[in-house]
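Residue numbers (the numbering used here), protein chains in the order written: chain G, 1154 to 1484; chain V, 1124 to 1394; chain W, 14 to 347.
Do not rely on the hints blindly, as some may be mistaken.
Pair ranges (Cβ atoms, derived) [claimed, not checked]: (1) G:ARG1422 x W:VAL49: 53 to 59 Å; (2) G:THR1438 x V:GLN1225: 52 to 58 Å; (3) V:ARG1269 x W:PHE42: 57 to 63 Å; (4) G:PRO1246 x V:ARG1262: 55 to 61 Å; (5) W:THR179 x G:ILE1445: 21 to 27 Å; (6) W:PRO318 x G:GLY1222: 50 to 56 Å.
Simulated from the structure, these hints should not be mistaken for lab results. Idealized CB from N, CA, C, for every residue including glycine.
Next come the chains, spelled out residue by residue.
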Amino acid sequence: MTELPLAFTLEAFTDFGFWSGVLVIAGIYAVVTLGLQLNVGYTGLVNFGQAGFMAVGAYTMAILVLETGLSLWLAMPLAVAATMAFGVIIGLPALRLRADYFAIVTLATAEVVRLAAQNARDLTGGNKGLYCNFEGGEQVCFDDSWRSVSDSILGFIENFWSDPESLLPLLLVVWATVAIGTVALGYIQRTPWGRVLRAVREDEDAARALGKNTLLYKIQSLAISAVLGALAGFFLALFLATITPDDYEPIVTFFAFGVLVLGGLASYRGVAIGAVILWTLLEGTRYVELPISEEKAAALRFAIVGVVLIGLMAFRPQGIFGKREEMVLGD
Amino acid sequence: MATEATDTVASPAPSTGGVLLDVSDVVKRFGGIHAVDGASFEISEGSISALIGPNGAGKTTLFHVITGFQRGDRGSVRFAGEEVLRMPAYAIARRGMVRTFQITKALAAMPVIDNMMLAAPDQPGERFRNLLFRPRAVRSREGQVRERAAELLEVFGLSDLSDAYAGTLSGGQRKLLELARALMAEPRLLLLDEPMAGINPTLGRRLLDHMQRLRRERGMTFLFIEHDMEVVMNHSDRVIVMAEGRVIADGEPHRVREDPAVIDAYLGGSA
Amino acid sequence: MEASTARVESSPGESLREAARERPAAVAFGVIALMVLALIAAKGVHDVAQASLNGLTLGVIYALGAVGLTLVYGILKLVNFAHGDFLTFGAYMAYMVNVTWGMPLFAGIFVAMAATAVLGLFLERAMWRPMRSRGAGFLQLLLMAIGLAFIIRSTIQWFWGTEIRTLDVNVVDSATFLGLRIGETELMVVLVGLVVLVVTGLVVRFSLLGKQMRALSDDLALAETAGIDTRRVILYTWIFSGALAGLAGVLSGALTNLRPELGFELLLPIFAAVILGGIGNPFGALVGGLVLGVVIEWSTLVIEPRWKVTVGFVALIIALVIRPQGIFGKARAP
Chain G
1154 MTELPLAFTL EAFTDFGFWS GVLVIAGIYA VVTLGLQLNV GYTGLVNFGQ
1204 AGFMAVGAYT MAILVLETGL SLWLAMPLAV AATMAFGVII GLPALRLRAD
1254 YFAIVTLATA EVVRLAAQNA RDLTGGNKGL YCNFEGGEQV CFDDSWRSVS
1304 DSILGFIENF WSDPESLLPL LLVVWATVAI GTVALGYIQR TPWGRVLRAV
1354 REDEDAARAL GKNTLLYKIQ SLAISAVLGA LAGFFLALFL ATITPDDYEP
1404 IVTFFAFGVL VLGGLASYRG VAIGAVILWT LLEGTRYVEL PISEEKAAAL
1454 RFAIVGVVLI GLMAFRPQGI FGKREEMVLG D
Chain V
1124 MATEATDTVA SPAPSTGGVL LDVSDVVKRF GGIHAVDGAS FEISEGSISA
1174 LIGPNGAGKT TLFHVITGFQ RGDRGSVRFA GEEVLRMPAY AIARRGMVRT
1224 FQITKALAAM PVIDNMMLAA PDQPGERFRN LLFRPRAVRS REGQVRERAA
1274 ELLEVFGLSD LSDAYAGTLS GGQRKLLELA RALMAEPRLL LLDEPMAGIN
1324 PTLGRRLLDH MQRLRRERGM TFLFIEHDME VVMNHSDRVI VMAEGRVIAD
1374 GEPHRVREDP AVIDAYLGGS A
Chain W
14 MEASTARVES SPGESLREAA RERPAAVAFG VIALMVLALI AAKGVHDVAQ
64 ASLNGLTLGV IYALGAVGLT LVYGILKLVN FAHGDFLTFG AYMAYMVNVT
114 WGMPLFAGIF VAMAATAVLG LFLERAMWRP MRSRGAGFLQ LLLMAIGLAF
164 IIRSTIQWFW GTEIRTLDVN VVDSATFLGL RIGETELMVV LVGLVVLVVT
214 GLVVRFSLLG KQMRALSDDL ALAETAGIDT RRVILYTWIF SGALAGLAGV
264 LSGALTNLRP ELGFELLLPI FAAVILGGIG NPFGALVGGL VLGVVIEWST
314 LVIEPRWKVT VGFVALIIAL VIRPQGIFGK ARAP
């Protein structure tokens, strides 16, 4: 008998540190995709700019902390407000466009944000990004406040569990956000406001003929998704402990769409599950010891997302939890 | 109730009020083509009027301009005394001028009851801030709206389909739904674009009965585009004829039918 | 009938805007002419001419990519996000022929164009046609195109890795004429690109196939009832799209270098050219691509060069907001 070409280590299942990382990333994607779900699944807005919202949120937060000395806890809500304003400013002209133009303009806007971050070196650190300032011998990092909070939480957990995983506090915060977001958005959908949104998704003219100011609703939808994008941007920044333009490339948005369609359009709980599945798939394959180079493994992971996207769209466009009747993808 | 088989030949009912809709010299151009080329007429409150004309006369375009779905280039449209020519469509609908579409726009991916509740006016729950700060007002109005929706569905015989996705309804049922939904919006003037198209005569009868009853009982005003001459002649107080973007005749159905200009327009092949 | 007192008539400002809307090409030409004059006044004719020449090399690549993309977009209503990776595919095919097998670059170009055309045809039969017949909607197809982009790029990365490679081209020699410098490779790019563009333009304008393509782009259903063999025309469209993309990729690789992100980085500017020229309008895409390349290079005269890509995107956003149907598109509200 020939040997199996690959070896699967059992270590995979017990490396908690590794899996915490995977779950944090999955959670971050869940947060940003909740916003995407609101836009695409419930308002019919094909928004390809989520990575841009993440970048605006993260960079604004870090710049406020590092340049103006503001506390992290003040910088965050301000950055959220800034991202929301950004979303509204983009939305006002862009939301009048039809779906494919809107997709392209949002993608272009996100890229402009990323390129601006890359090139405005004095403000954003360029390709090196933002982390810490060294001023007068003192080091100030944007996540200092978070670290102390995180350490306190870890200290507390140590009462029950010796040597807890250092990512645990972030993991808890991220997934608490996912949970709250999912519940809140689910609730909002069942309200009259949510009803108008679904009407806008399906047939804007019908909604207008019934007296609904559809532009206003689209802007509100975009604003909420900007907030979620900003939060995801914060979490990513705290997770990576740096903010660089490379972290906000269009591929982030594309992966979010992967999560979206995997979980299912018009399903908020699908988002969390889709995120976990996709990232487990992507990262879990690191534990499969294939006789190939690291580079090829990376390429393979990329290809997996592509196959998932195509496979879903071809054979199960409603994803895991989506409902066929609610699918307005065919227009 | 739902199945009153009233034999209706509409005698010109006296208008209950003054001029509700005043369309004056409206022009709408598409590039070089004047789809609407100076159309003028008045609609009195409580009347049922038909807008007819050969294909390409500009009727639907005029509807679009009147209701804000297209921007008129010139002219004036006054609804209840207010100029609405350049007003956005949703604002016009809120003022009580509601329209339906040639191809029914039943929101297929939503249940019938949601379609209905969507149309109710004055819903605090539709404003995001009220969701947070006035939950009780939201809930109570929602209850009212649901009741009214159920009533209307009953009247139109669609109660059994209340929870079904509108996309599963037949063509005729969708037409009824669209009418019922338009009524939920409590309009003063209802503009119907070819309400009889594609539905069987019995159903058509029912629709016309509803129209007459609504006019009688609530003084609702109707303006509909129609190609079915039997409907036009027997169920409208007044007929407005359009050809090549202009109004060429305007008056009682039988008088209009004899008007040489009208006969010419239909036979002369204007397009 | 009473005459209403409140009338809505066109104000002079509105009439001007209306005129601008109806002659967009004239407006665009005027704007560009103004830009040229302003730049010459600021920087002198030589700098502007040199930048224009550099812009032409860039623009030729954009134009090749844009014409292929717009044909598919216009006829099939497919937002082909994988188009960028067609460029990358072409570039690496040329690499295989030119570097790995050591054959001259022109053989590489030929193989790149042929291989990418075949790829386009294969995907049409395997993926796009079945999805169309199932009534797949715009978002579904868009996401499939994205998935496809991932797969093509990862396949290239699998075989060739992420290291930067170069084609066997002359990067040293250059020619001068009229005081302007142009590299030998750049000259080749411009000449080959322009020739192919002109040929494509002639085919689209004067051949029966071209007329049929335009008919399909206007109204697919109508073209079918008119008796055009739409399947055949669609296949030819993919051949054009693929071949032009492959060529654009090789030329881009010749100008710079080969890396898996090559095509994707060009995708958004190519979309910009498509939209500027009016979706489905191959001449618009051609002009749009050239103009975009030149304008982007002009921008380096006034701002730091590293911002030039951003300029392209900003131009796209502005164009979409002001006139989404592009300069040569029909004045329809999208």
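Going through the hints against the structure:
Remark: the range hint 53 to 59 Å for G:ARG1422 to W:VAL49 is upheld by a beta-carbon distance near 57 Å. The supplied range of 52 to 58 Å is met by G:THR1438 and V:GLN1225, whose beta-carbon atoms lie about 54 Å from each other. For V:ARG1269 and W:PHE42, the Cβ-Cβ distance of about 59 Å falls inside the hinted range of 57 to 63 Å, so the restraint holds. One distance hint, 55 to 61 Å for the beta-carbon pair G:PRO1246 and V:ARG1262, is violated here, with the actual separation near 37 Å.
Separation of W:THR179 from G:ILE1445 is about 25 Å and conforms to the stated range, judged on CB atoms against 21 to 27 Å. A hinted range of 50 to 56 Å for the beta carbons of W:PRO318 and G:GLY1222 is inconsistent with their spacing of about 34 Å.
Going down the numbered hints, you'll see the structure goes against 4, 6, while the others check out.
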